[in-house]
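> Sequence:
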Amino acid sequence: MDLRITVERAQRLKQLHAEYKPLVLPTVWDVWSARTAADAGFPALTVGSHPLADSRGAGDHEGQTFEEVLAAVRPIIASVDVPVSVDLEAGYGQEPADLVAGLVEAGGVGLNIEDTVHSEGGRVRSTQEHARYVAGLRAAADDAGVPVWINGRTDLFLHAEDASSVLGEAVERLRALEQAGADSVYPVTIQDDDDLLTAVTGAVGIPVNSTAHPVKHDLERFRRLGVGRITYGPLLQFAMTDAMKDMLRRWAP
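Counting along the sequence shown from 1, when you hit position 122 you're at 188 in the numbering used here, and nothing is skipped either side.
The reader is advised that the hints may include incorrect statements.
What the hints assert, rightly or not - Derived lysine to any residue pairs resembling SDA-like cross-links, with alpha carbons at most 20 Å apart: (1) Lys80 <-> Ala246; (2) Lys282 <-> Val254; (3) Lys80 <-> Ala210; (4) Lys80 <-> Gly211; (5) Lys282 <-> Lys311; (6) Lys87 <-> Val270; (7) Lys87 <-> Leu285.
To be verified - Restraint-style ranges between C-beta atoms, simulated for each label pair: (8) Arg78 <-> Glu134: 26 to 32 Å; (9) Gln77 <-> Arg289: 21 to 27 Å; (10) Asp147 <-> Glu195: 36 to 42 Å; (11) Asp258 <-> Ala167: 18 to 24 Å; (12) Leu69 <-> Glu227: 45 to 51 Å; (13) Gln194 <-> Leu285: 32 to 38 Å; (14) Asp258 <-> Glu161: 32 to 38 Å; (15) His283 <-> Glu227: 22 to 28 Å; (16) Ser145 <-> Ala84: 23 to 29 Å; (17) Ser231 <-> Arg101: 42 to 48 Å.
Since the hints were made in silico from the structure, they are not lab data.
Computed from a prediction, not measured in an experiment: that's the story for all the values here.
Idealized CB from N, CA, C, for every residue including glycine.
Produce the complete structure using the sequences and hints provided.
This is how it looks when you write it as structure tokens:
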């Protein structure tokens, strides 16, 4: 994609985060789902690693190579006229500069980066290590001249038996990501816990991303709790799977 268009879309994505509170980014996985979401009126989209992998018969948790992911997202990004962010998991073993270069070449203007390193047995990066990686991404985007939106994800709540027990550590990590140059932070699996969402949104000065289910959750609740950005993860695809099964059931042999 032309670099000028990519820069314009990146600037637009930043503007949208300021205009919408929260900004809802439907999580898509192919050209059809991207066009459908854009035609529904959404001003920006995100490609999710889980639904993308499912649509291609691959496994989540870096079951595809970085090159395979880029090949899959290029036609998605090219099919719509809105900014598209891409979930890049833990980075596929790439250096930050290489990750940003591939994303920008494909026309992506935002990325999600998590701290569970799937290529290394699922270990979780330390707070300092994850912050350094995010700082590397920020520097690489600046060097490329593209204001890539960096969504810094942590899986600390996901891995904890009791999510509330790691709140302090999670807040420390999210603040470190903010200081390292993340534009938003994403503590996964706390979307149904009002207390944890409130604590997290009150602890950082940048938008907090929450997962949402497009049918079961309520937008106004997330707004009331201070959430600044919403993505669906695999939940939109799951909801559509359920709906498709319901439609087809009476036709099944």
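> For each hint, tell me whether it holds in the structure or not.
Tested hints:
1. Lys80 <-> Ala246: Status holds; Cα separation ~17 Å.
2. Lys282 <-> Val254: holds (17 Å)
3. Lys80 <-> Ala210: The given pair, whose Cα atoms are some 16 Å apart, holds under the 20 Å limit.
4. Lys80 <-> Gly211: holds (14 Å)
5. Lys282 <-> Lys311: Holds, at roughly 18 Å.
6. Lys87 <-> Val270: Within the cut-off at roughly 15 Å; holds.
7. Lys87 <-> Leu285: Distance of about 10 Å is within 20 Å: holds.
8. Arg78 <-> Glu134: 26 to 32 Å: holds (28 Å)
9. Gln77 <-> Arg289: 21 to 27 Å: Once the Cβ atoms are compared, 25 Å apart, the range 21 to 27 Å for Arg289 and Gln77 holds.
10. Asp147 <-> Glu195: 36 to 42 Å: holds (37 Å)
11. Asp258 <-> Ala167: 18 to 24 Å: With a Cβ separation near 37 Å, Asp258 and Ala167 fall outside 18 to 24 Å, so the hint is violated.
12. Leu69 <-> Glu227: 45 to 51 Å: Distance hint for Leu69, Glu227 holds at roughly 47 Å.
13. Gln194 <-> Leu285: 32 to 38 Å: holds (35 Å)
14. Asp258 <-> Glu161: 32 to 38 Å: holds (36 Å)
15. His283 <-> Glu227: 22 to 28 Å: holds (24 Å)
16. Ser145 <-> Ala84: 23 to 29 Å: Distance hint for Ser145, Ala84 holds at roughly 26 Å.
17. Ser231 <-> Arg101: 42 to 48 Å: Holds, at about 43 Å.
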